[in-house]
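Chains B and F, in that order, are what the protein sequence lines are. Each number in the working numbering corresponds to the 1-based position in the first sequence with 1405 added. Each number in the working numbering corresponds to the 1-based position in the second sequence with 313 added.
Please note: incorrect hints may appear among the correct ones.
Below are the DSS-like pairs computed for lysine-lysine, each with C-alpha atoms no more than 27 Å apart in a straight line [to be verified]: (1) F:Lys339 <-> B:Lys1462; (2) B:Lys1414 <-> B:Lys1462; (3) F:Lys415 <-> F:Lys383; (4) B:Lys1462 <-> B:Lys1419; (5) F:Lys415 <-> B:Lys1462; (6) B:Lys1462 <-> B:Lys1476; (7) F:Lys415 <-> B:Lys1414; (8) F:Lys339 <-> F:Lys415; (9) F:Lys383 <-> F:Lys369.
To be clear, the hints were calculated from the coordinates, so they are not data collected in a lab.
Okay, here's what each chain looks like letter by letter:
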Amino acid sequence: NAGVTQTPKFQVLKTGQSMTLQCAQDMNHNSMYWYRQDPGMGLRLIYYSASEGTTDKGEVPNGYNVSRLNKREFSLRLESAAPSQTSVYFCASSERQTQGYGYTFGSGTRLTVV
Amino acid sequence: SQQGEEDPQALSIQEGENATMNCSYKTSINNLQWYRQNSGRGLVHLILIRSNEREKHSGRLRVTLDTSKKSSSLLITASRAADTASYFCATDYGNNRLAFGKGNQVVVIP
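If we strip away everything but chain B, and leave its shape as in the complex, we get:
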């Protein structure tokens, strides 16, 4: 019972490089989310997908793109990495957005941009 799986766990990028963070859930959840966590800032929502086929911007979407590939997978792409994108990235999923379901989080991707 894996829950939410994120890959990779660690990554170092040079400024300007691109990469895709992968996220997959095996709980048949409808909604998926990408957050970033920075010291003293809590978690900030980057993008979310309320259901398969839909994506929406969160609080801090600039510099990122997402793809809801299917119901299981939701990827986050950095087209041209910047040092300000150094952070820990968390993917999460929930059964559905409404009616108050808790989120299940992955273990995170620690990204450093130099």
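Based on the hints, put chain F in the right spot on chain B.
Here is chain F on its own, set in the frame of chain B:
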């Protein structure tokens, strides 16, 4: 931004004592949730309280919600060293997103 804000930010207690954390928010909510994060790990959902509920229990956890004061509290009774973690409140404003506070660091000293 309309995020939950936890208070106090850091708490250090002896094993066996109770730990209380508070969270405030700005506008009406559908529900409020508490999460725990151990160092270097993802967040784990602890408990959810809906806007029409005033108190909820789960094991050693007790959550209260006061919608008139726009605040919630999380009580951990008889704390253990394993409770050492950061605790986050998260508010569901019904706009397809969950807004997290900055977190509360709790250290339980054996």
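Next item on the list: Verify the proposed pairing of Lys383 of chain F with Lys369 of chain F, using a straight-line Cα cut of 27 Å.
Entry: holds, 16 Å
Notebook entry, point to check: Has the given pair, Lys415 of chain F with Lys1414 of chain B, been kept, meaning a C-alpha gap of at most 27 Å?
Noted result: holds, 23 Å
Margin query: Hint check: Lys339 of chain F vs Lys1462 of chain B, CA-CA at most 27 Å. Holds or violated?
Written below: Holds. Lys339 of chain F to Lys1462 of chain B sits at ~22 Å (cutoff 27 Å).
Check: When you check the alpha-carbon spacing of Lys1462 of chain B and Lys1419 of chain B, does it fall within 27 Å?
Finding: holds, 25 Å
Margin query: Holds or violated: Lys1462 of chain B and Lys1476 of chain B, Cα atoms, limit 27 Å.
Written below: holds, 18 Å
Next item on the list: Sort out whether Lys1462 of chain B lies within 27 Å of Lys415 of chain F, counting only the CA atoms.
Entry: The given pair, whose Cα atoms are some 21 Å apart, holds under the 27 Å limit.
Checklist line | Hinted pair Lys415 of chain F and Lys383 of chain F, Cα distance within 27 Å | finding: holds, 17 Å
Margin query: Between the alpha carbons of Lys339 of chain F and Lys415 of chain F, is the straight-line distance 27 Å or under?
Written below: holds, 15 Å
Check: If you draw a straight line from the CA of Lys1414 of chain B to the CA of Lys1462 of chain B, is it 27 Å or shorter?
Finding: Holds. Lys1414 of chain B to Lys1462 of chain B sits at ~24 Å (cutoff 27 Å).
The structure is consistent with each of the numbered hints, conforming to all of them.
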